[in-house]
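Taken in sequence, the protein lines are chains X and Y. Heads up, the first sequence is in our numbering, so the first residue is 1 and it goes up one at a time. Heads up, the second sequence is in our numbering, so the first residue is 1 and it goes up one at a time.
Note that these hints are calculated values from the structure, not bench results. Any given hint might turn out to be false.
Said to hold, decoys possible - Label-pair ranges, simulated between beta-carbon atoms:
#	chain 1	residue 1	chain 2	residue 2	range
1	Y	T279	X	A212	54 to 60 Å
2	Y	K222	X	A212	43 to 49 Å
3	Y	G261	X	V234	47 to 53 Å
4	X	I205	Y	N197	58 to 64 Å
5	Y	N393	X	G114	45 to 51 Å
6	Y	E355	X	A212	31 to 37 Å
7	Y	N393	X	K271	24 to 30 Å
8	X	G16	Y	N278	30 to 36 Å
Claimed, not checked - Simulated crosslink set (DSS-like; lysine-lysine; CA at most 30 Å straight-line):
#	chain 1	residue 1	chain 2	residue 2
9	X	K15	Y	K14
10	X	K318	X	K118
11	Y	K444	X	K318
No experiment lies behind these values; they were computed from the predicted model shown. For each residue, glycine too, the CB sits at the ideal point set by N, CA and C.
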Amino acid sequence: MGKLHISSTPHIHQKGSSTRNIMLDVVIAMLPATAAGIIIFGLKALWVVLTCVASAVAAEALFNLCAGKKQTVGDFSAVVTGLLLGLNLSTNVELWQCVIGSVFAIVVVKGFFGGIGKNIVNPAIAARVFMLLTFGSVAAAVQIAPLFDLGFLGNAVPEIAAGATPLASLNAGVEGAQNAPSVLQLLVGAHGGTIGETCGIALLIGFAYLVARKVIKWYVPTSYVATVFVCYFVFGGFNATYALQHVLAGGLLLGAIFMATDYVTTPNTGKGRVVFCVGAGLLTFAIRQFGTFPEGVSIAILTMNLLTPFISDWTRKKTLGGIK
Amino acid sequence: MKKDISSLHVPHNKNTAACAPVQIEMPKEVILPMNMHSGHDAEPIVSVGDHVKVGQLIAREEGRFSSPVHATISGTVVEIAPMPTSSGKDTLAIRIESDGKMEVAESVKAPEITDCDSFLQAVRDGGIVGLGGAAFPTWAKFNEAKNPDYKVDTVLINAAECEPYITSDHRMMLEHPELIADGIEYLRKYMNEYLGNAVFKICIETNKADAIEVLEKTFEGKDYVVIHKLKTIYPQGAKQVMLYNATGRVAVAGRRFPSFGALIINVSSIAKMAEYLNTGMPLVERIVTVDGPAVEKPMNLIAPIGTRISELLKVTGLKAEPGKVIVGGPMNGTAICSVDDPIVKVSNAVLVFDEKSAVLPEASACINCGRCIDKCPVGISVAEVDRVMNIKNEDKKAKMLIETGVRQCVDCACCSYVCPANRPLLQINWDAKSFLKKYAAAQKEKEGGNK
Numbered sequence: 001m002g003k004l005h006i007s008s009t010p011h012i013h014q015k016g017s018s019t020r021n022i023m024l025d026v027v028i029a030m031l032p033a034t035a036a037g038i039i040i041f042g043l044k045a046l047w048v049v050l051t052c053v054a055s056a057v058a059a060e061a062l063f064n065l066c067a068g069k070k071q072t073v074g075d076f077s078a079v080v081t082g083l084l085l086g087l088n089l090s091t092n093v094e095l096w097q098c099v100i101g102s103v104f105a106i107v108v109v110k111g112f113f114g115g116i117g118k119n120i121v122n123p124a125i126a127a128r129v130f131m132l133l134t135f136g137s138v139a140a141a142v143q144i145a146p147l148f149d150l151g152f153l154g155n156a157v158p159e160i161a162a163g164a165t166p167l168a169s170l171n172a173g174v175e176g177a178q179n180a181p182s183v184l185q186l187l188v189g190a191h192g193g194t195i196g197e198t199c200g201i202a203l204l205i206g207f208a209y210l211v212a213r214k215v216i217k218w219y220v221p222t223s224y225v226a227t228v229f230v231c232y233f234v235f236g237g238f239n240a241t242y243a244l245q246h247v248l249a250g251g252l253l254l255g256a257i258f259m260a261t262d263y264v265t266t267p268n269t270g271k272g273r274v275v276f277c278v279g280a281g282l283l284t285f286a287i288r289q290f291g292t293f294p295e296g297v298s299i300a301i302l303t304m305n306l307l308t309p310f311i312s313d314w315t316r317k318k319t320l321g322g323i324k
Numbered sequence: 001m002k003k004d005i006s007s008l009h010v011p012h013n014k015n016t017a018a019c020a021p022v023q024i025e026m027p028k029e030v031i032l033p034m035n036m037h038s039g040h041d042a043e044p045i046v047s048v049g050d051h052v053k054v055g056q057l058i059a060r061e062e063g064r065f066s067s068p069v070h071a072t073i074s075g076t077v078v079e080i081a082p083m084p085t086s087s088g089k090d091t092l093a094i095r096i097e098s099d100g101k102m103e104v105a106e107s108v109k110a111p112e113i114t115d116c117d118s119f120l121q122a123v124r125d126g127g128i129v130g131l132g133g134a135a136f137p138t139w140a141k142f143n144e145a146k147n148p149d150y151k152v153d154t155v156l157i158n159a160a161e162c163e164p165y166i167t168s169d170h171r172m173m174l175e176h177p178e179l180i181a182d183g184i185e186y187l188r189k190y191m192n193e194y195l196g197n198a199v200f201k202i203c204i205e206t207n208k209a210d211a212i213e214v215l216e217k218t219f220e221g222k223d224y225v226v227i228h229k230l231k232t233i234y235p236q237g238a239k240q241v242m243l244y245n246a247t248g249r250v251a252v253a254g255r256r257f258p259s260f261g262a263l264i265i266n267v268s269s270i271a272k273m274a275e276y277l278n279t280g281m282p283l284v285e286r287i288v289t290v291d292g293p294a295v296e297k298p299m300n301l302i303a304p305i306g307t308r309i310s311e312l313l314k315v316t317g318l319k320a321e322p323g324k325v326i327v328g329g330p331m332n333g334t335a336i337c338s339v340d341d342p343i344v345k346v347s348n349a350v351l352v353f354d355e356k357s358a359v360l361p362e363a364s365a366c367i368n369c370g371r372c373i374d375k376c377p378v379g380i381s382v383a384e385v386d387r388v389m390n391i392k393n394e395d396k397k398a399k400m401l402i403e404t405g406v407r408q409c410v411d412c413a414c415c416s417y418v419c420p421a422n423r424p425l426l427q428i429n430w431d432a433k434s435f436l437k438k439y440a441a442a443q444k445e446k447e448g449g450n451k
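Just chain X, with the same shape it has in the complex (with noise of 0.2 Å):
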């Protein structure tokens, strides 16, 4: 008889729990929101998609070998940062843009902080924010250009002005309402605005995939979603479809889904992604309505992530039989 491993318990580990499978089970719930995007927004947006992918992956592989450390390419989190940056950018962004955003997430935001797990801030969207500041338009709403024809869908597809979106006109208020896209073409997305954000039914779909596979709660991205949708409900005067509008429009799916559900930079309980979310809420409210950027869900997400370490604090759990 052979020697005897010895470890300390417990000698079993519940199946399919690892890393890799949940940074799996995140690229998957993104294939639907990627592929209208592609439907939507033409070929461009696949490779731009496809070199953030790449380029972030290339990114950690090097820098895990430059800095001499435990190559982590495998557990797919970078595939999660590209894909995640890729829908976070118009096709107005140019490819050689893509990389350095992409570099920036894997090396300054997560590898310089000493990578998975380590990271403060979401690398996505800090790797965003540091483009539109860069560069400028990257995330600029473009004029859709579909792979085929999308006239088989009817009314769902809203004729759009150039470079508008959706955004833009229901910032104005209420009566800007008129000028957006209805809830039911907010839904297809077949409009102006990032690769990822428009197709609300794919991201949707995404969300479904997340929670019936338990890699998010969902109350996280709900309770982002419904603080903004009362925000709007009461400032637009209990206007249901204003406030649907707004849920709709601009990245608060992809970011409520996606972003505010990210382990690393939330809170590590229920109660404190809840906190992070109504947070949010709040903070994209604030900057939609009263900011000079029309969107606000990337800032409020990075705030909210900056605040994370206090609302743990704040919320931990108290235990059973715990003595103070």
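Following the hints, complete the assembly by docking chain Y onto the known chain X.
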């Protein structure tokens, strides 16, 4: 409505639930360690060369919460020396070579019990310890119920057996429900003053339907016995979890268990206690579940305590080279170095894993998913314990560790089990707890020095 306690579903793997226990052939020798209980080591009272018989006292209890050891086969004492045991380090043990006769000692006769004190003394003499894993002397547990401050109104009989694979308690309930009933009657009779009005709750998971049926029949018409069915989840058998789920009471940290008005005792312990009180035969043999991916024919075996594990594996056979051998369950059991180690009083199972299932994936960085916190039955911020343990400043580290609640850890291992990064979280919790103990001791000393 009270809040549900966090817990998880682990694969049951109760492959041996339908296997009636089989008595193994008499082993050629047994090794009886002196530390088969939670307190101080027992003290041998025999010498090399002595002839001993089954049930004969060979080591007396020595010091607090110790327990006597009895010969489990008849034969000759051939060695009294430190020997490797499943505890991981060499322990003083008595090796007895069989004479092949299994002669029962003359001293084995039902003890005379007249009152509470003689009852407790008998339980003490029988070497009965908690067979659920802690191996706390059973008499001492009952003795605590005498404390007038505690007012014990519930006796929880732990029949959850929530760990995967193990079915030894399950089989005990099926084979010997009458012993459980006897045990309860003994308690009611001789501890009437303290437990006379207590409810005896047999807490059993719903996956043991046949045992529930047998118990319900056994205790029909006895209103002081309740068969309390619990959801089949892990760690239902942890005493803090069971107390909460069966009575709604919360086990406040730092207090003795009976202070919550409840005693908790493993179902096999109470049966073994009754067996001793009925016949005078001390705890010399037990049911051991032998199972695992590398075991040819999973079985329940009745073996003398001290039997080498290799003897049990000869009976069940192996279908693969063992990669890991575990005494106890896969969530809480101990991986042992050698199959030559003996089974002890608390060894409810021997699991043999093949090479493939022996090694768990390597740990990677925490991604803060929070599953460890979510699944912790007492709600410890496990992920934070992991992080805080890296802090150098001891004062800061101690303060932050206390905030995580790690001192309430029940050692269930749910955190490690679910961790997607495969981090050894339970082990880190242990490190944290031992650090806090040392830190508190050092603080105390410092304060004393200042005076």
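Each hint tested on the structure:
no., hint, verdict
1, Y/T279 / X/A212: 54 to 60 Å, "holds, 57 Å"
2, Y/K222 / X/A212: 43 to 49 Å, "holds, 47 Å"
3, Y/G261 / X/V234: 47 to 53 Å, "holds, 51 Å"
4, X/I205 / Y/N197: 58 to 64 Å, "holds, 60 Å"
5, Y/N393 / X/G114: 45 to 51 Å, "violated, 20 Å"
6, Y/E355 / X/A212: 31 to 37 Å, "holds, 35 Å"
7, Y/N393 / X/K271: 24 to 30 Å, "holds, 28 Å"
8, X/G16 / Y/N278: 30 to 36 Å, "violated, 49 Å"
9, X/K15 / Y/K14, "holds, 18 Å"
10, X/K318 / X/K118, "holds, 25 Å"
11, Y/K444 / X/K318, "holds, 27 Å"
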